[in-house]
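Peer 1: For reference, the chains in residue letters:
Number of protein chains: 8
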Amino acid sequence: MGAGVRDSNPDEAGRKTRRPDELSPLDKRIIEHLQEDGRRPFTQIAAALGVSEAAVRARTNRLVERGILQIVGVADPDKLGFQQALIGVRCQPGRLLEVAEALASMPEVDYVVITTGRFDVLIETVAEDNEGLLRFLADRLQRVEGVRDTETFSYLRLVKQTYQFGTR
Amino acid sequence: MGAGVRDSNPDEAGRKTRRPDELSPLDKRIIEHLQEDGRRPFTQIAAALGVSEAAVRARTNRLVERGILQIVGVADPDKLGFQQALIGVRCQPGRLLEVAEALASMPEVDYVVITTGRFDVLIETVAEDNEGLLRFLADRLQRVEGVRDTETFSYLRLVKQTYQFGTR
Amino acid sequence: MGAGVRDSNPDEAGRKTRRPDELSPLDKRIIEHLQEDGRRPFTQIAAALGVSEAAVRARTNRLVERGILQIVGVADPDKLGFQQALIGVRCQPGRLLEVAEALASMPEVDYVVITTGRFDVLIETVAEDNEGLLRFLADRLQRVEGVRDTETFSYLRLVKQTYQFGTR
Amino acid sequence: MGAGVRDSNPDEAGRKTRRPDELSPLDKRIIEHLQEDGRRPFTQIAAALGVSEAAVRARTNRLVERGILQIVGVADPDKLGFQQALIGVRCQPGRLLEVAEALASMPEVDYVVITTGRFDVLIETVAEDNEGLLRFLADRLQRVEGVRDTETFSYLRLVKQTYQFGTR
Amino acid sequence: MGAGVRDSNPDEAGRKTRRPDELSPLDKRIIEHLQEDGRRPFTQIAAALGVSEAAVRARTNRLVERGILQIVGVADPDKLGFQQALIGVRCQPGRLLEVAEALASMPEVDYVVITTGRFDVLIETVAEDNEGLLRFLADRLQRVEGVRDTETFSYLRLVKQTYQFGTR
Amino acid sequence: MGAGVRDSNPDEAGRKTRRPDELSPLDKRIIEHLQEDGRRPFTQIAAALGVSEAAVRARTNRLVERGILQIVGVADPDKLGFQQALIGVRCQPGRLLEVAEALASMPEVDYVVITTGRFDVLIETVAEDNEGLLRFLADRLQRVEGVRDTETFSYLRLVKQTYQFGTR
Amino acid sequence: MGAGVRDSNPDEAGRKTRRPDELSPLDKRIIEHLQEDGRRPFTQIAAALGVSEAAVRARTNRLVERGILQIVGVADPDKLGFQQALIGVRCQPGRLLEVAEALASMPEVDYVVITTGRFDVLIETVAEDNEGLLRFLADRLQRVEGVRDTETFSYLRLVKQTYQFGTR
Amino acid sequence: MGAGVRDSNPDEAGRKTRRPDELSPLDKRIIEHLQEDGRRPFTQIAAALGVSEAAVRARTNRLVERGILQIVGVADPDKLGFQQALIGVRCQPGRLLEVAEALASMPEVDYVVITTGRFDVLIETVAEDNEGLLRFLADRLQRVEGVRDTETFSYLRLVKQTYQFGTR
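Residue numbers (the working numbering), protein chains in the order written: chain A, 1 to 168; chain B, 1 to 168; chain C, 1 to 168; chain D, 1 to 168; chain E, 1 to 168; chain F, 1 to 168; chain G, 1 to 168; chain H, 1 to 168.
Any given hint could turn out to be false.
As the list claims (entries may be wrong) - Some but not every residue of chain B turned toward chain C, in silico, with C-beta under 7 Å:
no.: 1; residue: Leu134
no.: 2; residue: Arg135
no.: 3; residue: Leu156
no.: 4; residue: Gln161
no.: 5; residue: Thr162
Stated by the list, open to error - DMTMM-like mimics (lysine to aspartate or glutamate), calculated; alpha carbons at most 25 Å apart, straight line:
no.: 6; chain 1: G; residue 1: Lys160; chain 2: H; residue 2: Glu53
no.: 7; chain 1: H; residue 1: Lys160; chain 2: G; residue 2: Asp110
no.: 8; chain 1: A; residue 1: Lys79; chain 2: G; residue 2: Glu36
no.: 9; chain 1: G; residue 1: Lys79; chain 2: H; residue 2: Asp129
no.: 10; chain 1: C; residue 1: Lys160; chain 2: C; residue 2: Asp78
no.: 11; chain 1: D; residue 1: Lys79; chain 2: D; residue 2: Glu22
no.: 12; chain 1: B; residue 1: Lys79; chain 2: C; residue 2: Asp78
no.: 13; chain 1: F; residue 1: Lys79; chain 2: F; residue 2: Glu101
no.: 14; chain 1: B; residue 1: Lys28; chain 2: B; residue 2: Asp78
no.: 15; chain 1: H; residue 1: Lys28; chain 2: A; residue 2: Glu131
no.: 16; chain 1: E; residue 1: Lys28; chain 2: F; residue 2: Asp76
no.: 17; chain 1: A; residue 1: Lys28; chain 2: B; residue 2: Glu131
no.: 18; chain 1: G; residue 1: Lys79; chain 2: H; residue 2: Asp37
no.: 19; chain 1: A; residue 1: Lys160; chain 2: G; residue 2: Asp110
no.: 20; chain 1: C; residue 1: Lys160; chain 2: C; residue 2: Glu98
no.: 21; chain 1: F; residue 1: Lys79; chain 2: E; residue 2: Glu101
no.: 22; chain 1: A; residue 1: Lys160; chain 2: B; residue 2: Glu53
no.: 23; chain 1: B; residue 1: Lys79; chain 2: B; residue 2: Glu36
no.: 24; chain 1: G; residue 1: Lys160; chain 2: G; residue 2: Glu22
no.: 25; chain 1: B; residue 1: Lys160; chain 2: B; residue 2: Asp76
no.: 26; chain 1: G; residue 1: Lys79; chain 2: G; residue 2: Glu36
no.: 27; chain 1: A; residue 1: Lys160; chain 2: A; residue 2: Glu32
no.: 28; chain 1: E; residue 1: Lys79; chain 2: E; residue 2: Asp37
no.: 29; chain 1: A; residue 1: Lys160; chain 2: B; residue 2: Asp37
no.: 30; chain 1: E; residue 1: Lys160; chain 2: E; residue 2: Asp110
no.: 31; chain 1: H; residue 1: Lys160; chain 2: G; residue 2: Glu53
no.: 32; chain 1: E; residue 1: Lys160; chain 2: F; residue 2: Glu32
no.: 33; chain 1: G; residue 1: Lys160; chain 2: A; residue 2: Glu32
no.: 34; chain 1: B; residue 1: Lys28; chain 2: A; residue 2: Glu128
no.: 35; chain 1: C; residue 1: Lys79; chain 2: C; residue 2: Glu36
no.: 36; chain 1: E; residue 1: Lys79; chain 2: F; residue 2: Asp110
no.: 37; chain 1: C; residue 1: Lys160; chain 2: D; residue 2: Glu53
no.: 38; chain 1: H; residue 1: Lys79; chain 2: H; residue 2: Glu128
no.: 39; chain 1: H; residue 1: Lys160; chain 2: H; residue 2: Asp129
Simulated from the structure, these hints should not be mistaken for laboratory data.
Only a predicted model underlies this, so the values are computations on that prediction, with no experimental measurement involved.
By construction, the Cβ of each residue, glycine as well, lies at the ideal position given by its N, Cα and C atoms.
Sequences are here, hints too, so could you generate the full structure?
Peer 2: Listed below in structure tokens is the structure:
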């Protein structure tokens, strides 16, 4: 990676790409640096990639604005004393997308994904304790219009949580 | 929060606490700042909390070393063109912990949690595409000693991924 | 098969058969030829079976008209870049047949079968990609009146697809 | 489609494509014609697409050789008096691919697909009757090394079977 | 059994029994004879049990009238060419008994039992063929008020059917 | 039915029939009489069908010998104070038929059927009480070689048990 | 109940009873008093039932010795800060009773019952917290010989726990 | 335990505790004594713990009033001839808490707990026999507003029932 990765994909401007989120090789290298350390100085990344610090900063800002990257402090909920759970949600037919949106708008819910298989939506929630988890289930989640039923998987131990899966 | 949060929990030194991961109020305030923005300058956090920049830096480093916090660039796997999946794993009796450890050691696996319910372990994996997901299932996951069966939930749309769940 | 198969089932005319779709031995031999190669010239089939080319042509047309046979180019959806899925559908009681008919009328659905077991209807769908599959599920399938819930099995690899099962 | 679709994709020769099965626009138009009628004369397709009959013939042969297209007589198993079933198969861990290959090699099995979800492999089989289905289950399928269990969905009525899903 | 079983249970008349269906020892011996052969002559049974033929006849008639015994020709549905199925039925809450009664009133249903476990009611049905089974499911069973869903287990082979379980 | 049903199926002798169990119309009429009342005198049946009593007797004996019909006293196990249960059995792959045979040979088991769906074999058992049912499960059923797991549906109320499903 | 319940069941001595645990009416009245309050003075119970205090004491001791009654302080595990769970256990065929005995011998397990349905054995366990529950599952329960798999239902709130179900 | 456990937790009065149910060490020791024997004289407990009998009595009364402890005669329902069952209940979304309360108010229900996993609420019921269990299911449980479905696990044998799980 020493020789420097230029951001010179001529196709990007010249034709209508199918995927608007398509990333340049420079974007990908920057993401990989930040996956390793979210606070790595831009000057250090710039030196490693052979581009200017301004380019790294601009690209990074652009990635964040486009919603492709977030640079965050990820705390271990277990060590904060939280009770986490994954919850499988089944929806009334025809209300899948609106349920997913409603769940995504809840502050207690940090992860929402629509999947294949025996559930329609899987969410992750972070609660103070079992009583907080019950209140979330009974008073919040199950009151969302279009939720048909839910099945809770309570976390006993969080073994791995990483974000260094590279780029494609 | 303007008046400054002193880190003066006298109990912490004076008695044997049950939970070694226990956090001071200052730790918690710092975590909350970094949950909002992982690159927020320490000087800015220090000013908001009424403590020195050195204290914020030292505390943050300590939180990272203790494994309570990681500050990372989290890319959206969907937008990188990856095929993600959550996989429920059932283990042979008596091999739960070793299976969880083996899965955690795989670079294709970014999340491993032991849960209650109809699965023993839930993992998240990031693959290039369906063929890559199949190769992971057939050649990697199902060859782990002690895995009894697996059930894959393929991601159709990642709706929310956030880390701002605060502290307790 | 050299000696020629006459189509001389005297029973067929002489009595009221229970099954209107009943096939003569000649019908079956023609089907078997076309199962092997849908474009095999009728003259070649006629020679092999010891009947006239006109008889083969007429029989074949009749089989197609009766809905017993279709002669088609079957493309491999995988190789066309499609995302296929099998979907198990459960219906509201009393609406099974109308749901099956509604699903059969959808161009995105290429296979509909009513089965015994834990699903009422199984369908196969062909989508552009995961996003297309989700739109089909959320906006089309689950909006069919009488659909109670659905469970999607996403294709990871199509290993075999053949039509040479002979005749009975 | 009257003006003729030239097969002039300059990219195809000029760069290393990621997907070896990639199809030209002409390939796709030919497939669509044959999806409608597998015996449509090449001269008719050639005229519709504005290319030579030799080009259509050569392309078609190439598609068949590459395994992208098969042109076949597809009989309705129901009307032939067969008992069909879809069977969900779960495999012993680590034997998924070999089981799928073994099933694909069986003449009684006309469809094999590896899927996500509660089964590892889904197959379709065509049997003479219930007794034939039972013999297939007991004496053939369940004797494949690596099969852990099976669940049979017996067909009550085949409502739709089509192959006209177009190209992407 | 040679010495004769008198029907001399003095308790039966003398006190209010808890179970109105309680059987005398003679009743039980007669039942056992008829379980072995429903057409065994009463004179033969009477001789074996050391009682009069009139007593056997009267007792038998009483058992039939009380609904404790039926003497019937039980044909093997498989050998009659029928398609049988066991169907698990789940009911809307609060309608269990009325659904069971409605199912019991249907001539296509020869067995209705309310059970513990994942179904509320299990029934057995006898149909002409798969199409008849489907019509029963779609047009009859699923139209019963209070039926929530059904799961059909189609019979592949009836291996044993006996009624010689003796008495208690 | 007064005019008499002759047993004059000339096909039966003249050609090799596919189904050895095929029944003549006279057989079917006799079965229907005995389904209504297993002890109906042969003279009465003979008169109703317009044939000789000897013919009815001979036919009936033949049906019983061929295993198509049994004429039995069927007692209501509920009223005898028994605890009945239906048990779903799953087998180790490749041992389905031998398990079914082993179960059929047990006197505690009065019904064995191989089915499609989530179980491989369904059996009915008659036990003295819950303790007897447990002993059957633990000491007998689960010790059969090839049984993988079992799921018991305990009878709460037997609502209907009839054998008058006619002939086809 | 004022007139006094004599313990004068003459049948008890005079004939071989089927159920050795059978209780006299006096036994039942005493049980009902102690179900209401386990520390109710025997003199008070004796007065209410019209028998001597010695009789109540002797009967009670006998009930405890026979294992029919235990008089205990039942603490609310929730309020003691415990994490409770119900766990469904499936056993390897033929090992049901030995697994149940092994589980019953564990001090962490306060309830063991063999049931019908989708589990073989249901147990209740009391753990310090989630980590303690995990250690019990991984290191204790799943290491019992003959355990095939387990499914944990974690308690969110214990709503009712009573023992006043009377006698029959 | 000989030296006496003083109840001298100065924190208890001095600060607002998070958990109102928090127990002093003396409370816990008393509970443990009563878990072993609910009728153990207070004088004996007082001597063992080195406190006054009045203190033990007052503490015990307080624990009972606070709902932390009940001292009861627990009869073995099996030996009383009852038919017990555990029942998994699923609720209509948003009615979980009211269903749990309604079930808790029923005298036939002795245990109600809200759990994670495939059921929302688990209850235990005590019935006279199978018919009583059915009447409870059909006429009582399933008529509770908000109950969606139920699954009954009938008890075959109660192997262990203890309350000596100590304190935390």
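Peer 1: Work down the list of hints and note, for each, if the structure agrees.
Peer 2: So, going through the hints one by one against the coordinates:
no. : hint                : result
1   : Leu134              : holds (4 Å)
2   : Arg135              : violated (9 Å)
3   : Leu156              : holds (4 Å)
4   : Gln161              : violated (17 Å)
5   : Thr162              : violated (21 Å)
6   : G:Lys160 / H:Glu53  : violated (31 Å)
7   : H:Lys160 / G:Asp110 : holds (7 Å)
8   : A:Lys79 / G:Glu36   : violated (44 Å)
9   : G:Lys79 / H:Asp129  : violated (34 Å)
10  : C:Lys160 / C:Asp78  : holds (11 Å)
11  : D:Lys79 / D:Glu22   : violated (37 Å)
12  : B:Lys79 / C:Asp78   : holds (22 Å)
13  : F:Lys79 / F:Glu101  : violated (29 Å)
14  : B:Lys28 / B:Asp78   : violated (31 Å)
15  : H:Lys28 / A:Glu131  : holds (23 Å)
16  : E:Lys28 / F:Asp76   : holds (12 Å)
17  : A:Lys28 / B:Glu131  : holds (22 Å)
18  : G:Lys79 / H:Asp37   : holds (20 Å)
19  : A:Lys160 / G:Asp110 : violated (33 Å)
20  : C:Lys160 / C:Glu98  : violated (31 Å)
21  : F:Lys79 / E:Glu101  : holds (19 Å)
22  : A:Lys160 / B:Glu53  : violated (31 Å)
23  : B:Lys79 / B:Glu36   : holds (21 Å)
24  : G:Lys160 / G:Glu22  : violated (29 Å)
25  : B:Lys160 / B:Asp76  : holds (10 Å)
26  : G:Lys79 / G:Glu36   : holds (21 Å)
27  : A:Lys160 / A:Glu32  : holds (19 Å)
28  : E:Lys79 / E:Asp37   : holds (21 Å)
29  : A:Lys160 / B:Asp37  : holds (22 Å)
30  : E:Lys160 / E:Asp110 : holds (17 Å)
31  : H:Lys160 / G:Glu53  : violated (31 Å)
32  : E:Lys160 / F:Glu32  : holds (21 Å)
33  : G:Lys160 / A:Glu32  : violated (53 Å)
34  : B:Lys28 / A:Glu128  : holds (15 Å)
35  : C:Lys79 / C:Glu36   : holds (21 Å)
36  : E:Lys79 / F:Asp110  : holds (18 Å)
37  : C:Lys160 / D:Glu53  : violated (31 Å)
38  : H:Lys79 / H:Glu128  : holds (12 Å)
39  : H:Lys160 / H:Asp129 : holds (21 Å)
In summary, the numbered hints that this structure violates are 2, 4, 5, 6, 8, 9, 11, 13, 14, 19, 20, 22, 24, 31, 33 and 37.
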